[in-house]
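Sequence order for the protein chains is Z and Y.
Counted the way the working numbering counts, the first sequence spans residues 1254 to 1873.
Counted the way the working numbering counts, the second sequence spans residues 5 to 387.
Take these hints with a grain of salt, some might be off.
[What the hints assert, rightly or not] Here are the in silico distance ranges between beta carbons for each label pair:
1) 1864/Z with 286/Y: 39 to 45 Å
2) 1743/Z with 119/Y: 34 to 40 Å
3) 1262/Z with 81/Y: 58 to 64 Å
4) 145/Y with 1694/Z: 52 to 58 Å
5) 1591/Z with 112/Y: 34 to 40 Å
6) 1314/Z with 328/Y: 50 to 56 Å
7) 123/Y with 1298/Z: 36 to 42 Å
8) 375/Y with 1739/Z: 23 to 29 Å
9) 1780/Z with 307/Y: 52 to 58 Å
[To be verified] Subject to a maximum C-alpha distance of 25 Å in a straight line, what follows is the list of computed BS3-like cross-link-like pairs (lysine-lysine):
10) 154/Y with 137/Y
11) 1820/Z with 1806/Z
12) 1808/Z with 112/Y
13) 1266/Z with 1276/Z
14) 208/Y with 146/Y
15) 112/Y with 1806/Z
Hints in this document: simulated from the structure, not taken from any laboratory.
All residues carry an ideal CB built from backbone N, CA and C; glycine is no exception.
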Amino acid sequence: MSKLGAVVEAVEKHGLFVLEQVKGARSDEKFAHAVTERWNKIKAETPIAKAPTGLPLPRFALPEIDEPGEIARYLFGEGLPGEFPYLNGAYREMYLEPLREIETGSYGVRAGRAAKSPNGSSEAVAARVSRAKAPERPPLQEEPTRLFSGLMLAEDTNKRFHFLSAHQRSKRLSTAFDGPTLYGIDSDADGVFGKIGEGGVAVDTVEDMVRLYDGFELGAPNFSASMTISGPAPIIMAMYIAAAKRRFGPKVVPNLRGTIQADIFKEVQAQNETIFPTEASLRFLCDMIEWTTANMPRWYPVSISGYHIGEAGATPVQQAAYTLSNGFAYAEMLTARGVPVAQFAPRLSFFLDCGLDVEYIALARVSRKIWAIGMRDVFGANARGQMFKLHTQTSGRSLIAAEFKNNLTRTAAELMLAYMNGTNSCHSNSADEPFTTPSEEWIRLAAHGQAILLEESGIFKHTMNMLSGSPGMKAVERAVEKAILDEFREIESLGGVLAAVENRYQRSQIQNAAHRYEQQIYDGTRPIVGLNRYRNGADEMPEIELARTPRAKQKLQVERLKKFKKKNAEKSKRALDKLATVVERGENCFPALLEAVEVCSLGQITGRLQEIVGRFRPMV
Amino acid sequence: MPSSIRILTAVPICDGHDSAINTINLEFIRHGIEVVYLGFHRYVGDIVRAAIQEDVTAIGISSYNGGHIEFFADVVRQLKKKGADNIAVFGGGGGTITHDDAREMKRKGVDQIFFAGTSLTEMADYVRRQYAKGGKRRASSKPDLALARKLSEIEDAAAKGRKHRTPNTECRTSKVIGFTGPGGAGKTTLIDEIVLRFLQRKPKTRIAILSHDPSVIGEGALLGDRAMMINSQDDRVFMRSMATRGQAGGLSPATESCLALLARSGFDYVIIETVGTGQEALPFRNNLVDQTVLVMNPDYGARLQLQKIVMLDVADIVVVNKTDLERAKAALSEIEQRLTQNKRKQQVVATVAKRHRDPGVDELFELITKAPSSRAKSRDPDA
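Given the sequences, and given the hints that come with them, work out the whole structure.
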């Protein structure tokens, strides 16, 4: 049995544990008293603050229950925001406006802890419950807005980064790479001219990486970079570190903050941007995770991504099930290598798609719960390692070219769902995305959509749990949780995640779902406004600022690369030989990569590695 | 009515967006079209070579990652250069290809661009209307082109119930190797790894591959082996994908004649891959091949199942692939025991074809290249 089977058992066991607590609270007077006492304490200590209209509201809302069994069901089954199993949120206050003046109530010193073991006797639990303190005052959160960008050459993207982050107190950059970079191919390779700088930024060398983040304080606490790349991620990660060292010296390394996507499983299952055979890719990935979690404690070295699985056509349940099971598979691999769970678990992060299907009302909530239970009970992770830290992007697939301005409404509805799920950060798509790299006008509208929801509207800024826990949401939660566990069982029966991947199980499931979706659009059972209903016939196009890379720029990139290669011809050969030796020996290759990127291009490194481990063989 | 529309579809280099093309392929097949699918992240040169070898009437390209103006134009240009400008180029890219782009692409020789919102049926109808075979084609002096067209003539004749030529194994100049075995055993991957070894170790050797996928008479087929064959996209490899067009047993009605032609067209080796076969299948009869390779998966079930696999009696080499799986050890010893009954000199090779530089595949390569060809007057140019 792979660990996935154990996760299914743990989630089921947790369900039974919650039922026991409910029963205990109804039959055991002492326990009932402890539960009620804690509940009253939480309520009494919840700060109350005024909305701009003067209306006083609690900082987090609790259900109106006073029966000990129901209180136990809530506290153990859902947890307060920031408490196991994190159904209501990974953190206590998320998007709340910083507290200015407190009406009543106060924050205690340390946050209350949830029960540790599902096997604890009700008395022990009762003792823990009554000892629990009031929540601590949370630190100021970063804005959750994180916008994806990347175009032409490094200096062009740099300029866009400065434009996007000009008015943000925290600089959170998210980088898109061009096709050749995503496939580990150099800009001077045969057949890629025309693709350079298209759909993302061209990065061939550490020098490009230096240009890309020029003017940003890479080690600053308010800076974080996100890089959306998986196939060659370990090489790009090494380039980022090398670039940071060039600008700020070696001491900057432990302070680097950010995320690199690096999710190989989802590439093989859905996105197809992988360059080495699956097992070799996973090995390089684990090399990188092992190194970065030991040396860069603030970096997220893998973003376990359902987004591309969703975009490739998976149903929401498939998306969550494959993403979570991929996450558990990474945890299993890292544990097998001997990386301590306390070292890697807090550094795993997640990325989900948010579309318009009803499942999205609760998809991330349920995912948070399953992840927490699995990590605690199967992998023995501590609280930081149980948290499902989530970046969400609204669905690109839900946006259509026909009558494209409707996409604003689609994205707004998806944003609402994403925030209802308590995502930690969010990207809202531009309405013109079906056409091209988004233009500044539509990017601004997309970003402002988030500000309108979070800052202008009162939906999320006054009270946590504003929309959690409605009967409809609970119904979706139960159905989604059951369906996800069923998917886990299916994958387990195929021999676990890697075996299922190699049998192309996830791929064919996703393709079938994609086909069904298209069929539903064409037979009208899936209504799409402007496409299969309320069509006005006159398709309008946005004024496209064609963000296409001029030939001259593409040539410039090729020339720069050639110059770099010429300059480093001697040194690169030695660095590649050293890298090859390390890889052949089966050692962690990341330190050798860090040296290699100083003098080698991305394509040179990829090419050498492919000679040793082979190329990825696509699955149809 | 035999299927007479045959197109190739692909996704350009540095582009992994295959969701749209997968759906479109299925729709084309439903409309009776044979689709040779080359996969995603494909170079222009690979697309053009495949289109010529497969003798398709059109190439459909699904592009979502930009650079489409250059890419489509390059396909048109290279087709022309190779004397294959009778092959039309069409495609789409959702909203990423604008109307202005499409006009420019058409000016550069692209036949048609489909925009977002075009229904699947509309596309399939267009292909059926525009790309049906027909019309006289100029004779070609280019060897791949001429060979590809002759193979099509053989297939068309077979579809009409005529045999094109009696195969004469005496005229062969190639060694012919037949790969067969159940679906999912990894035949395609194994062949591609063998081809890689030919390309790396035998710099003059030329290879032809005849690969089969199942289809029903008069209906379309998805010919998808090429998409997985990353090493076989090379000028020294001529590959042809055939639909079985209703014939049982793993081959097509035209296989024998096509093989006869290929085996005297200057290739050193011809490799045939059958579709995934059942226990009773004996696809290679009448001295069709010089050497048979049966590829098996360790998960064949109970030991008793082995007794029923008749290919085990006649195969020259039995490959047990995926020997990284748990059951592999047991499978290998059961198969070896089963073969002792035959009292023939049969070789058993254990491989993990998905692994680069797998020693088992090296061993298979040795067995294929060392064994003399029994009938053909083949020679190894690199020997």
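TODO: If any of the earlier hints don't hold here, list their numbers in rising order.
DONE: Violated hints (numbers, rising): 5, 7 and 8; every other hint is consistent with the structure.
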